[in-house]
Amino acid sequence: MSLLRTRKGRRLAVVLLGLLGLGSATGLALMAFNDTLVFFVTPGDMAESPPPAGRTLRLGGLVENGSVLRDRRDGKPVAKFRVTDGRAAVDVEFAGILPDLFREGQGVVSLGTLRPDGSFLASEVLAKHDETYMPKEVAEALKKSGQWKPETGQAPPAGTWNTLAPRKGGD
Amino acid sequence: MSTSPAISPASGRSLHRFANPGRFLRLSARVLPFLAVPALLLTLGGLAWGLFVAPADYQQGDAMRIIYIHVPAAWLASGGYLGLAICALLSLVWRHPLADLAAVEIGPVGAAFTALCLATGSLWGKPMWGAWWVWDARLTSVLVLFFLYLGHIALVRAFDEPERGYRAGAILALVGVVNLPIIKFSVDWWNTLHQPSTLTVTGAPSMHVDMLWPLLTCILGFSLGFAAVVTARLRAAVMERRIRGLLLAQAQGI
Amino acid sequence: MTHLPYVAASYGLALLVGVAFAADAWLRMRRAARRLEAIDPRGDPRRNRKRAG
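Chains as they are written, first to last, in the working numbering: chain W, 15 to 185; chain Z, 570 to 823; chain A, 1413 to 1465.
Facing chain Z, according to a computed beta carbon distance under 7 Å, are these residues of chain W, among others:
{"#": "1", "residue": "R25"}
{"#": "2", "residue": "T40"}
{"#": "3", "residue": "L115"}
{"#": "4", "residue": "A153"}
{"#": "5", "residue": "N176"}
Here are some chain Z residues the structure puts well away from chain W; computed CB gaps all over 12 Å:
{"#": "6", "residue": "G591"}
{"#": "7", "residue": "L610"}
{"#": "8", "residue": "A617"}
{"#": "9", "residue": "L620"}
{"#": "10", "residue": "G652"}
{"#": "11", "residue": "P666"}
{"#": "12", "residue": "A684"}
{"#": "13", "residue": "L793"}
{"#": "14", "residue": "A796"}
{"#": "15", "residue": "A820"}
{"#": "16", "residue": "G822"}
By construction, these hints were calculated from the structure, which means they are not laboratory data.
Backbone N, C-alpha and C fix where the C-beta goes; we use that ideal spot for every residue, glycine too.
Please work from the sequences and hints to get the whole structure.
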C-alpha cells in the first residue's frame, strides 16, 4: 500500500486505525448501556416490562388532554394527571408546585415510584418542551385556521408556518 | 547555522521553524481586522435583535431569548473541539509547526464557550423545565466535553518539555472526538429532557423566521469572534515563542 | 419581560466572556509585539542569526 510507504502515511494509518477502534469500542459500550442512558421510560415501556413496585424511576410522556385535576391537601397543591405516549397511559399523583410550562398536551418527566395499583407517585415533575419556536400570534393563527389541533399536541410541519407574517388578530 | 558551535541543535531547529510562523504573522495581521470587526458588529447586533426586536415564544415567553446565546455557544463548544482535533491530526501526522500552538490557544476559548453553553442552559432549564441540571444524555455529554477541554488545557502545560505536552494533548484531543457525535445525536438516540435539534441539515427549521434571522446572525457573529480571538492568541503565542527563541539564542551566543 | 433575571444573567455572562477573552487576547498580542520590537527591532531573521553566531 502506498499509504504505508512514507512516515506520514504510516502515522496517518495509525491515527485512523486508533480512531476506528476507539469508535467501535465506544459504539458497543453505548449499545450495551442503552437502558441506563435513557433519561426516562414511557408508559408503553412500562406496560411491556413492568418495573418492580417501589423502585424509583422517571416516567416521561405527554399530559393527556382533560386529565389534569388540581386540588389542595393540607394547604399544599396536589395534582393528578395521566401521562401517555400513545401506546399506554399511567395515572400520576404529585404534591408540590408544577413548573410554568406544565399543561395538557405538553411533555412531562416525573420522578417517582410505581405503586402496587399501577399508578405513579411523583416526587418531582419536570416540564419537557419541544424544539418548536414561534410568536404567539402565529400559534394562534394556526390554531384558529385549524392547521394545528391542540388535541394532537405536535405543531404542524415547520415549512407550513415558519415564514407566516405574525400579524395580530389578522389572517 | 547548524555549523555554528555556539548554537545548539534544538534552538537551530526552532530558528528554522520561524519560516512558516513568520508568514502566519504577516498573513494574520491582515486577516484579523476582517474577523474582529464583523464579529463585533454581528454579535452585538444579533444579540440586540434577539433581545429587543425578535418576538417572544408562544410557550416560553422571553426565556426563549436565551437561545441567542445558548445555541451559538453550543455550536462553538463542539466546533472548537473539532478545530482542536484537526490541529491534533495536523500535529501528529504532518508535524505542522503551528498546529501545536493553535491547539494550546483553542483550548481555553473552547472551554469558556462550553462553560457559557452549560451556564445559559442551566439558566434556561430552571424556569422552563423546573431544574437547573439533569443527568440526561445531552447535558452529560456536553459536561464530558467541558472536562475534555479542561484535561487538554492541563495536559499541554503539564510537562517540562513542551513537545511532550503537545503530543499528549493531541492524543487526548483525538480520543475525545468520539464524544462529538454522541453530543449531536444524544437527543435522537435516547430519551432526554433536552429537546431535539431545531436547526437540521435536512428539514425546515422549526422556528419562525423572525427568530431564525437573529439566531443565525448571532451564530455567525460568535463564530467570527471565536476565530478572531483564537487568531489573536495564536499571533501572541507565535511572537512569545520567537521572543523565547531570540533570548535563548542571545544567551548562548554571547 | 418574563423571566427577566434568567435572561439578564445569560446576556451578562455572554458579554463577560466575550469582553474578557477579547481584552486578554488583545493585551497579550500588544505586549508580545512590544517585547519583540524591543529585542529585535527589525524582526529580521538574518540579523538574529548574525547576532547568535
